[in-house]
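For this one, chain A is given, so just place chains B and C on it according to the hints.
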Amino acid sequence: MSMRTIGLSFKQNKLLVQLLLLLFILVLFSILSPYFLSVTNFMNVFNQMVEVGLIAIPMTMIVISGAMDLSVGSILGFSAVCMGIAFEHGLNIWASVLVALLAGLLCGAVNGYLIARHRMQAIVVTIGMLVMLRGLVYVLNQGRPISGYPDSFYFLGQQYIAGVPFNAIFLAAVFLLAHFVMKRTRFSTYVYGIGNNEEAVHYSGISVVRTRFILFLLSGLFSAMAGVFLVSRLASAEATSGTNIELDVLTATLIGGTHIFGGRGSLSGTFIGLLIIVFLRNGLNLLGVSVLYQAVILGALLLIAVGNKQFNRGLSR
Amino acid sequence: MEHPVLTMDGISKEFPGVKALSNVHFELYPGEVHALMGENGAGKSTLMKILSGVYPATEGVIRLKGKEVAFGSPLDAQKQGVSIIHQEFNLFSNLSAAENIFIDRPEMTGKLGRIRWSKLYDEAQRLVDSVGGGEIDVRREVRHLGVHSQQVIEIAKALSFQADVLIMDEPSAALPENEVQKMFDVVKRLKAQGVAIVYVSHRMKEIFEIADKVTVLRDGAKIDTRRIGEVTEQSLIQMMVGKEVNQLYPDRDQKPSEERVLEVRQLSLDASRAVSFELRKGEILGLFGVPGSGSHTIAERLFGLKRGTGDILVNGAAVRIRRPGDAKAKRIAYVPPDRHRQGIIKPMSIRQNLSLPLLPELSKGPLLDQKRIKQMSRDYMDKLRIKAPNDQQSVDFLSGGNQQKVVIGKWLAAHPEILILEEPTRGVDVGAKAEIYGIIHRLAQEGLSILLISSEMPEVIGLSDRILVLYKGELVHEFARGEADQEQLLSRASHPRATEGDSL
Amino acid sequence: MKRIANIHEAPIVLFTLIVIALFSSLSPDFFQFDNARLILDQNISSFIVAIGMTMVILLGGMDLSVGSVLALTATSVGVFLNHGVHPWIAALLGVCIGVLCGAVNGYFIAMRKIPDIIVTLATMYIFRGIAVGISGGTWMTNFPEGFRYFGQGKLLGMSFPLLVAIVLIAVFIYLMRFTRGGRRIYAIGGNGSAAKLAGISVVRTKFTVYVWTGMLVGIAAVIFASKVGSVQASTAGSSLSFEVMAAVLIGGGSIFGGVGTVAGTMIGVLFMGIVKNGLIISKISPFWVDATTGFLIILAIVINTLQRVRQNKSKEGDLV
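Residue numbers (the UniProt record's numbering), protein chains in the order written: chain A, 1 to 317; chain B, 1 to 504; chain C, 1 to 320.
It is worth saying that the hints were derived from the structure and are not from the lab. Treat each hint with caution, since some may be false.
Which residues of chain B face chain A? A partial, calculated answer using Cβ under 7 Å [as the list claims (entries may be wrong)]:
# : residue
1 : T58
2 : G60
3 : G325
4 : K328
5 : P336
6 : P357
7 : P366
Glycine residues also receive a C-beta, built at the ideal position from the N, C-alpha and C atoms.
So that you can see chain A by itself, here it is in the shape it has in the complex (with noise of 0.2 Å):
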C-alpha cells in the first residue's frame, strides 16, 4: 500500500514540477519581453501551436508503446505540397485536403508495414522515410512554394472565433478527443501494455501488428493534418514545411513525462510539455533569438527531460 502511494506522490509531484517550469517560463518573458504577457501574443501563441500539438499527439502513443517515429516533419511537408500540387492541377480544395490526408495515410501506412509488420526498427525506418520523403517533396515542385489558395480555406489556419484562433480551438477538441481515447478505449489498454510487456500482450490473444500499424497510420494522418493548418496559416506550402519539427514534438512529449523505453506517459503531460515549449518558443522570438539557438535550447531541454527520467526511474526501482 505504501509503495501505491509513493508511486501517487511520484505522478503528482511529476506534474507539479512540469507546471512549475511553465509558470516559470511564463514568469520569466513576462519579465524580460514587454510584448509577451498579453491576450494577443498568447492567442498568437495558440495560434502557432497546432502543428507540434496534433502531432504530439500520435507521437505520444507511439512513444508509449515504446517505439518512436521521426518521419513526422517530412510527412507534414510531402502532404503539404501534395495538397498544393493537387489543388494547381484544379482540384477543388477541400479535395486537395483529402489528397493531402491520404498521402499522409499512404506515408504512415509504409511505416506501419515495415515496422510493425515486418519488425523492423522503427528509428531507422523513419529516419529512411525522413530522408525519402523530404527528397520527394524538393522533386515534386522543385523547391518552390505554391500559394494562392481560396480565402476559404484560410479559415483553418487564419481565422479567430470569440477572439480565439479556430485552429487552436480544434488542436482543444482534438487532444480532448485522444485524451479520452487513451483513457476509455481497449485500443489504449493495447498500446500501453505494448510499450511495458509486448510479448504478454501477443501471448493474450491481441495483435500487436495491428496496433502498430494503427499507431503509424495515426501518426502519418495526423502529420498531413498539421500540414493542412500549417498551409493554411501560412498561406503557402513550402518545400521546407515542417522540417526539425520533431524535435519539438518529440521534447514536449518527453517533457510531459512520457518515458523514453515506453510504457508510461499521458496525453495531458504532452499537453503541458507542449506549452512549455510554444511558450519557450515564442518568448525566445519575442526577445529576438534566433531559431538555431532556439534549437540548442530546446535540444538541451529534451536531453534533461530524459535524463531525469533515468534519474526518476532509478529512484523508484
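Same frame as chain A, but now just chains B and C:
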C-alpha cells in the same frame, strides 16, 4: 590418497523469504565426472551459480586446490579455474571460433594492443583438437557452426583458462541424439586430462553412461553422494523424490467423458518430429518431459505462437491456428511458463491484466465497458481468491502465487474449452500451489479440458487423468491415472521409447 | 569463385559495378578518369566520417549528430583563422573540438545511459546552434592561403586530403581488424552480455568509440572547410549523418550491431557518391539525390532484416 580439487563446505544461500540451500557439502576430485541431480527447485542451479561466481553464498566456504577462494564474478571464477557452460551458450556469433575462445585476453595481444592472430589461431586449434574438435575450422564464424561444435568452443574457452573444474549444465538438452555421443567423447578426453566435471542433467541414461559419482539434492539440502556403481536408477530416483505428501492434490474420482475436444495429428515440432494425441472433455492430460523434450513446442504450436504442419481438430472440426488470436477464437487458452515475460504486464493493474484477453467482449464499440470490466474482475478475484486490497492494485506488488492466479484468471474469463497450463506453479509457494491445484481440479470437473505441461513430477502425477511422456520430440509412453509413480515417470522420460516386453 | 562469393563485401561490390554500368550507359561523361577523381574528391569527408559511423553502428548504436559536429568544427576553424591563428594550429584545435563533441555524446550515451538516438538527436541541434552562434550567422570565408593545403594541397604528387583519408582508412581497418580494442567493439555489438561476462567494459568502449568518431569528424571538417573554402554553419553537413548511415548499412553493416567492416563501409560511401554523381551527370534532377538516399536507407534496413530472419530460421529446430 588424492586430494579433492574443489570443496564446498557448509554452503547456504538465502534469498528474501526463501532458503534455497542449507548447509550443502560438495567435493570434487580431479578427473572425475560428478553428476548433480535433483528435481526442479532442489537447489542445483543455485549451487552452481555460487560455484561459478554469479552470486556469493550466504554462508560456507569454497576451497579450490586446498585454498579458500571467493569469486567476484563469473570471469573471476574462470580465471581461478572454474568455468561453467550454460544451456544457452555465451558466444559471439559474429566472431570466429578462435576469437570466441580468446576474446579480450591480454596473453593474445602484443605491442599496442595488436592481436597475435597466428598464435591465437594456433592455440585455439590446439585446444579444440585436444577435445576432439579437429574437424572445426577455428577461423570460421561461430554462427556457421552447429550446436555440438559451439559446445566444443565453449569447452575450449573453459580450457583456455586452465580450468580445473568444468560445470556442464544440461549439456545434452540442445544436442541432437547422434551428437550426444560425440559430447561424451569430449567429456572423456577432459577427464583424461584431469579436469573435474560437474554434470548437471535429468537424463538417467547419460548419468549412468558418463558419471563416476552422483550427488543428489532435494529441497535445498544434500541427500547423498554415491559412486555410480552403488546406485541404481530406482534408488537415485527415490533419493531425488523422497517421501511425498499427497494431500496437496485433490482427489480426482470423476471419469472424464469420452468426448474428444481436441485432436492433434502429426503436429510438427521441428523439421523431423511430430506428435499425435487427443484430449477429452473434462480431462486433465499431463504432458511430461525433461528439458529438450519438446513439450513447450507443443504448447506453442497449439496456441499459434509457432507455425508448422499437422492437423488440429477442435470438437471434431479441423482448425487453422496461425496466431494466438486464432487460438483464442477457438477457445483455446494458454497459461505460459514465464509469468513475468509472457503472463502479466507488470505496472498495470489486476483489473487491466484480468480483462486483457477479453477486452473486445467487454467493450461497447471501441469504448471499454468499465462496469462490466469491474464486475468481471471482481468476480474472478473472488473466484480465484486473489489476495489484494482491490483490483486496481498493480500486479507488481502481488506474490508469485497471486500473480499466477491473475494469469489463470484472465484466461478463465475468456471461457475457454481447452486450457493449456505450462508450469502453472513455477516460483509459487506451497500454500498457493495447493490452491492452484484445487482450481485446476475444479475447472476440469466443470468440464474444461486441460493440457498440463509441467516439469514437476508430483504435480503431473497428482493431477492428471492420463500422462503422456515425451522424450526428444517423441511420445514414448502413456500412463493412466494411478499407474505412474515418479520413478517410472522419470525413467520413461529419460530414455528413448522402450523396446518390446519392457513395459513397466 | 566460391572464395569471392564468401567475401563479406561481395554483394555491395557487385551492386556498385551494376550502378557504374547503368550510369555509363546513361551518360558518356560518367565513365571517365576525371569523373572518378571527382567522385573521390567530393566524398573525402564522407569517407572519413563513415569510419566513425561504422564503429558506432557496430556497437549497435547510431550517431545523428556527425553533420552538426562537422559544421561546428568547420565554423570554429574558420573563426580561428579569421583571428589570425596559424592554419596548422587552427586545424589541430578543430580536431580537438570534434573530440570534445564526441566526448559529450559519449558521456550521455555511455555513462548516463540515455538512448543514443535521443542524445545525438539533441546534440545534432545543440552543436548546429552553437555553430551558427559563433559564426554570427554569416558565411565563413577568406581563409588564408596556408589553410588551402588541407583540402587542395599535394604531397608526393598525391592529393593531400585523399592521402589523409587513405591513411585513416588503413589505420582504422588495422585497428578494427587487428587490435584488442577493435575486437572489443565487435564483441559488444555481437553479444553485449557475453562481452560483459568476458570482462569487457562496455561503458568505456562506447565512450571511446564516440570520442574517436568525434575526432574523425573533426579531421573531416578541416578538410571540408579547406576544400570548399567557405562554410555556412546552418547548412554545412546537414544531410551527412543520413548519407553516412546509409553508406554503412549498404556496405554490409548491421543495424543490430556486430556485423560490418570499415572496408565495406568505404565501398558503401563510394556507392552513395557514384549514385549522387551519376544522377547529376545523367541530368536527372539533383533533387532526386535526397530521395534516393532515403530510399537506400530503407532498402538497407529491409536487407538487414531479411538477413536476420534468415539467420534466425537456421537456428530453429532446437526443441525446448
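_Hints numbered earlier in the text: which of these fail when held up against the supplied structure?_
When the structure is compared with the hints, numbers 1, 2 turn out to be violated.
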